Every structure is written in C-alpha cells, then in structure tokens.
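Novice: Here are the chains, one letter per residue:
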Amino acid sequence: MIRAAQLAKRFGDKRVLQKLSFALPEGGFLLVTGPNGSGKSTLLRLCAGLSSPTGGTLELGVERGELGYLGHEPLVYRELTALENLELFARLYRVPERQARIRALLERFGMWDERDNRVSTYSRGMTQRVALCRVLLHEPRLLVLDEPYTALDAAGSELLDAVLAERSGAHTFLVSTHDPERIAHLASDRLEFV
Amino acid sequence: MNGYFGDVVTLAVKDLRLELRARDTLPAMALFVLSTMTIFHFALPSGSSDNAALGLLWIAILFTALLGLTRTYAPEREQSMFDGLLLSPVDRSAIWLAKTVAALAFLAAVEVVALLAFWLFFAHIGWSLLAAVALADIGLCAVGALVAAMATASRSRELILPLLLLPLTIPVIVGAVGASVADDPGKYLAFLAMYDAIFGVIAWATFEYVVAE
Amino acid sequence: MKKLIAPLDNAVGLALLATLLIGVATAMTFFYAPVDEDGLNQKIFYFHVPIALTAYATFGWGAWKALVHLWKKKPGADLESYVAIHQGTIFGSLTLITGSIWAKLRWGHWWLWGEQELVLFLVIFLFYCTYFMLRYSIEAGPRRANISAVYALFGVVLIPISFLAIRLAENYIHPIAFTTNGPQMAGSQFGTFLVCLVAMFALAGALYRLELLGKRLDTKLRDLRELVLS
Chain A
616 MIRAAQLAKR FGDKRVLQKL SFALPEGGFL LVTGPNGSGK STLLRLCAGL SSPTGGTLEL
676 GVERGELGYL GHEPLVYREL TALENLELFA RLYRVPERQA RIRALLERFG MWDERDNRVS
736 TYSRGMTQRV ALCRVLLHEP RLLVLDEPYT ALDAAGSELL DAVLAERSGA HTFLVSTHDP
796 ERIAHLASDR LEFV
Chain B
2 MNGYFGDVVT LAVKDLRLEL RARDTLPAMA LFVLSTMTIF HFALPSGSSD NAALGLLWIA
62 ILFTALLGLT RTYAPEREQS MFDGLLLSPV DRSAIWLAKT VAALAFLAAV EVVALLAFWL
122 FFAHIGWSLL AAVALADIGL CAVGALVAAM ATASRSRELI LPLLLLPLTI PVIVGAVGAS
182 VADDPGKYLA FLAMYDAIFG VIAWATFEYV VAE
Chain C
60 MKKLIAPLDN AVGLALLATL LIGVATAMTF FYAPVDEDGL NQKIFYFHVP IALTAYATFG
120 WGAWKALVHL WKKKPGADLE SYVAIHQGTI FGSLTLITGS IWAKLRWGHW WLWGEQELVL
180 FLVIFLFYCT YFMLRYSIEA GPRRANISAV YALFGVVLIP ISFLAIRLAE NYIHPIAFTT
240 NGPQMAGSQF GTFLVCLVAM FALAGALYRL ELLGKRLDTK LRDLRELVLS
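Chains as they are written, first to last, in this note's numbering: chain A, 616 to 809; chain B, 2 to 214; chain C, 60 to 289.
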C-alpha cells in the first residue's frame, strides 16, 4: 500500500526526514512513535499526498479519493454546521446514499443532536469527533491519522478504540501517537523516530 | 448534478453560504466603493468631463474587486482548509472556478450599488458601460482568483496581492475605459472578451500547480 | 560541429565572445554606420533596440524553462527560469534607461506616454519586479518553484496582450497618431544593428551562464557543508 525508499524531506535548509525506508502492506497497521518535532507529522503529510518528498521515492497504492487523513487541524469549516460540512465532503467524495451515511456516522460519534450547530460553537473534543466523521465518510482504504486521540475525552477515546479495532485488518492504517500503549495491540508494525 | 460542474456548484454554494454567515466581505466592499465615490466627488474639480468620472469609476471598481479578492481564500487559509479541499478527489481547477464564480457574485452585487451611486452622483450610464462591467468582471475575478491563491503561499499575503494583480489588469482597464468612453465600443469589448478567454484558460490550466506541491 | 558549439555552452568562452562582439559593435556604431539626419543622437538606437529585443528573448526563455519545469518536472528548470527572468529584468531596466535617453535627445522629454514601446516596458518591468517579491516571500521548495513558473508563463502572455492594450489605449488617450518610425535604414546601418543585436544576445547568454554557475555552486557548497556536518 505504501512503499518508501530513502525518503527525505527538507524545508529550506532544515532536514526533517532523512533516508527513511519502510513498507506498509495492504491491511497493515503501522504505528509511528517519537517525540515532538521528530518528523512524524511530516511523514504523515507526505503519505497523505499533501506535500512531496525532496529526496527518495514514495509509492502510494491509493487514489486521492480513497485516502482518509486526520491532521492537526480538523479540516472542517468552522462557520458551517457539522451536517453542512459532511454534506459538502460527501458530495465532493461522491459518497453514495449520502444522508444515511452521514446520519449513521454522526450518531456513532454522538454528534447527531449537535448536527445543526456551527463547528465554531463546539469544544475541541467535539470538533475532533466531527473531523473523524469526515475522515471515515467515504470509507477510505488507507487511513492516515496524526495523533487521532488529541482532545478526545474518555468516552470519545473508547469510541475511537472501537472504530479502529473493527476496521483494522480490513483497511490499511498509518497512525502516529505519543501514547503507543493504547493501540499497540492493533499494530502490525512500528516505526520509531528518535 | 454530478461531475465537474457539480463540484463547482457545490464549492461555490459553500463560499456564498460562508459569506452570508460571516458577512465579512460584502458590506466592506459596498462601503468601500461608496466612500471611494464620495472621495472622487472632491477629487474632480468643476469642469471635469464625464469621461474623467468614468475613468475614476473604473479605478473604484478595480480597487473594490481587489479588496474582495484579498478575502477570497480567507476561510481556507485560516483553517488550513486548502488541505481539506486538496485531499478530496475534485479536480483542482474546479476549486479555482468555484472561487471565480463566488468572487463574481460578490463583485456583481457590489457593482449594483456602485453603478446606482455613479448614476446618482455623476453621470448617465450607457449599455456599453454595462457590457464592459460584465466582461471586465470576468477577467478580474478569473485572474484574481488565481493570483490570490499565489498570495496565500506568500508571507506578504495582503501586501503582495495588489502588486500581483495590478500589472495583469492594465489591459482590463484599457478595454473597460475604452468601451465606456469611446464612440465605437465594439473593439474594446472584443478585446475584453479576448482577455477573458486567454487568461481564463491559462488560469484554469495552471491553478493546480499554484495550490499543490 | 560539437567542438564548434562547445564554447557557447561554456560560460567563460561565451563571456569572451560577448566582450569581443561588444567591442566590434561599438566600433561599428561609431566608425562604420553613417550619421543620418537625426545626428549623433541616433547612435543610441544601436544599443536601445537590441537591448529591448534581448530582454524579450530572456523573458521568453524564462517562460520556456517555466513550462519545462511544470510539464516535464525537470530538476533545475526552476533555477534556469529564475536566472533568465533576472537577466530579463536587468536588460528591461536598461531598455527603460536607454529609451528615456533617446526620448530626451529626440523629443526633449525624458518620458513620453506616446512612445508605446517604453510604456510596454514599464508595464513589463512592474510585472517582473513583482516576480522577485513573490518568489522571495515564499519558502524555498516545490511550491515556490511551481508558483514562480506559473507567474512566468503569465508574463509571456501579458506582453503581447499589453502591447495590444497600449495600442488600443492610444485611441482614447492620444487621438492623433504618433509615429515613431524613423527613416529607412541603409545597408551599413542594418549591418551594424545586426552585429549589435548578436553582441547583446551573447552578453545576455554569458551573464545567464555565469549566474547559473554561481547559483549551482552555492547549492553544491551547501550540500557539501551539510555532508561534512552530519
């Protein structure tokens, strides 16, 4: 699904990634760990196709529409409601049976009653739940999740545990976290940054 | 509605809805154009011709468009939503086309105010002026939506947009002022249409390189 | 054949050639080309027009390299496009200066809005100055290269469109046509003009090669320094 060889990324004069090689097979679950500033997010952005490497090669086995990416930003419009945001992305991703799909996700993440409120009125944790709905909306084959547990409360984290568990094996995962113990049992492989 | 134009409509509707919610840009543009015209009243000494007023009208329209264009990508920039849009499988040029359509809608709405004020304050408005406004708007917004995307990548942002846009819009001003004041507006309108077609196609074809790595 | 072209690829060879040609061109301008009814003033024509044409050529070359960058993703094309536009801006400024001197000598004014070519160069000059502001306000990387390339492409389209626009604008700004066509050139004048043109092209080519060489050396040095440090 992902094959990286001698991957390098630099911003101006600053080298962030250097000679990184790894492979993530279809259905695999790669856990990326390491301290802040070690290049985890940069790697995930590269794998999501949001930036291009400055050296080496990176092969991605998915089309743009088959990838779900969760970054530091929730990537939803703050002045639109949860429902409007998901409607927008469902149209852009050509999701079949849009209404039913959106409703099922919002209910699953406990956001159905909040659906007509603007994202700007949500707490950080609620926003993260909507962001997760956006990521899962089009049933992506490859999920690239950067610190997905950020801002989630205990109930939200357990919800995410369950969602990841039921999809692991069927979908391919690339997940970065600073709390590897939480999902270590799902991981098929690990990439440690120093 | 599906496919390319479906995406354009979806994205443009999103921009219009965001503007209706935030009400940031339109009132600012309308107030700006009215203030500018008030300034022009004092900048035109008695005995100035209607042609001078028409020239100033075009400056007002250009600067108002510029003011609106600085806000074109504000929602995307403030919330990193470029990433959100670029991740989706839509053709990148559809994002540009939607922004162009939204910018056109804002500019046209403000021009209704501007032209009414011009008619009230200064001079008679002819059909050739209206045709010039329609054609010039397309060129301004098509090129503007592209260079505004360039400006979002720059550290200078609002500062650099006028510098990027003004040299590119000199031909628009020539066509527009010519069509407004000349006895034979046909060739100026044709020139504006040619500008729209040529720069529209280039902006459409190059937008993806401006937003993505 | 390859041996014959080799000096053109070589920055030093090209610089020597340019120096030689400029010497010949200057000598021809003052000692060979006859003085026509405009008097000695007209001599600046042999520099002004070739410089202007060279500026167009370098902007065109910059846009071509921009297209190569976007289309073929060729590494290095971005730098070549930048260096070409840099040279174009230098020759463009010289065009404005020599044109202004010519206007002063011939019509008594440093600036004439009726002189369409000068106005066009002003527009182009403004456009390409912004190129540098834009480029240096974006972090170095693939996005900067892409945006610079797109801007360079807009430039070569803007040149003919602005040319047309300025001609059109003459109709409502100066209703009386203002012709700047001088008398027909004599054969010796045309010959001098051609030598001057080739000399300017060689000069631009040499400067282009030298600047590229310098920039590439900078990059290599930086890579070396990093290699040593790591």
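Source of the hints: derived by calculation from the structure; they are not laboratory data. Among the clues, some could well be false.
Pairs of lysine-lysine residues, derived as DSS-like cross-links and limited to a Cα-Cα distance of at most 30 Å, are as follows [stated by the list, open to error]:
hint, chain 1, residue 1, chain 2, residue 2
1, C, LYS132, C, LYS274
2, A, LYS634, C, LYS132
3, C, LYS274, A, LYS629
4, C, LYS133, C, LYS274
5, C, LYS163, A, LYS629
6, C, LYS279, C, LYS131
7, A, LYS634, C, LYS131
Fair warning: this is a prediction, and the values are worked out from it, not measured in the lab.
Novice: Straight-line Cα separation of LYS132 (chain C) and LYS274 (chain C) no greater than 30 Å?
Specialist: Holds - the C-alpha atoms of LYS274 (chain C) and LYS132 (chain C) are around 19 Å apart, at most 30 Å.
Novice: LYS133 (chain C) and LYS274 (chain C) were given as a pair; does the straight-line alpha-carbon distance stay at or below 30 Å?
Specialist: Satisfied, since the Cα-Cα distance of roughly 17 Å is no more than 30 Å.
Novice: Checking one constraint from the list: CA of LYS279 (chain C) to CA of LYS131 (chain C), max 30 Å. Satisfied?
Specialist: holds (23 Å)
Novice: Is LYS163 (chain C) close enough to LYS629 (chain A), meaning Cα to Cα at most 30 Å?
Specialist: violated (52 Å)
Novice: Is LYS274 (chain C) within 30 Å of LYS629 (chain A), Cα to Cα?
Specialist: Distance of about 19 Å is within 30 Å: holds.
Novice: Is the Cα-Cα distance between LYS634 (chain A) and LYS132 (chain C) 30 Å or less?
Specialist: Given pair LYS634 (chain A), LYS132 (chain C) holds - Cα atoms ~22 Å apart, limit 30 Å.
Novice: Under the criterion that the straight-line Cα-Cα distance not exceed 30 Å, is the pair LYS634 (chain A), LYS131 (chain C) satisfied?
Specialist: This hinted pair holds, its Cα atoms lying about 25 Å apart.
Of the numbered hints given earlier, the model fails hint 5 alone.
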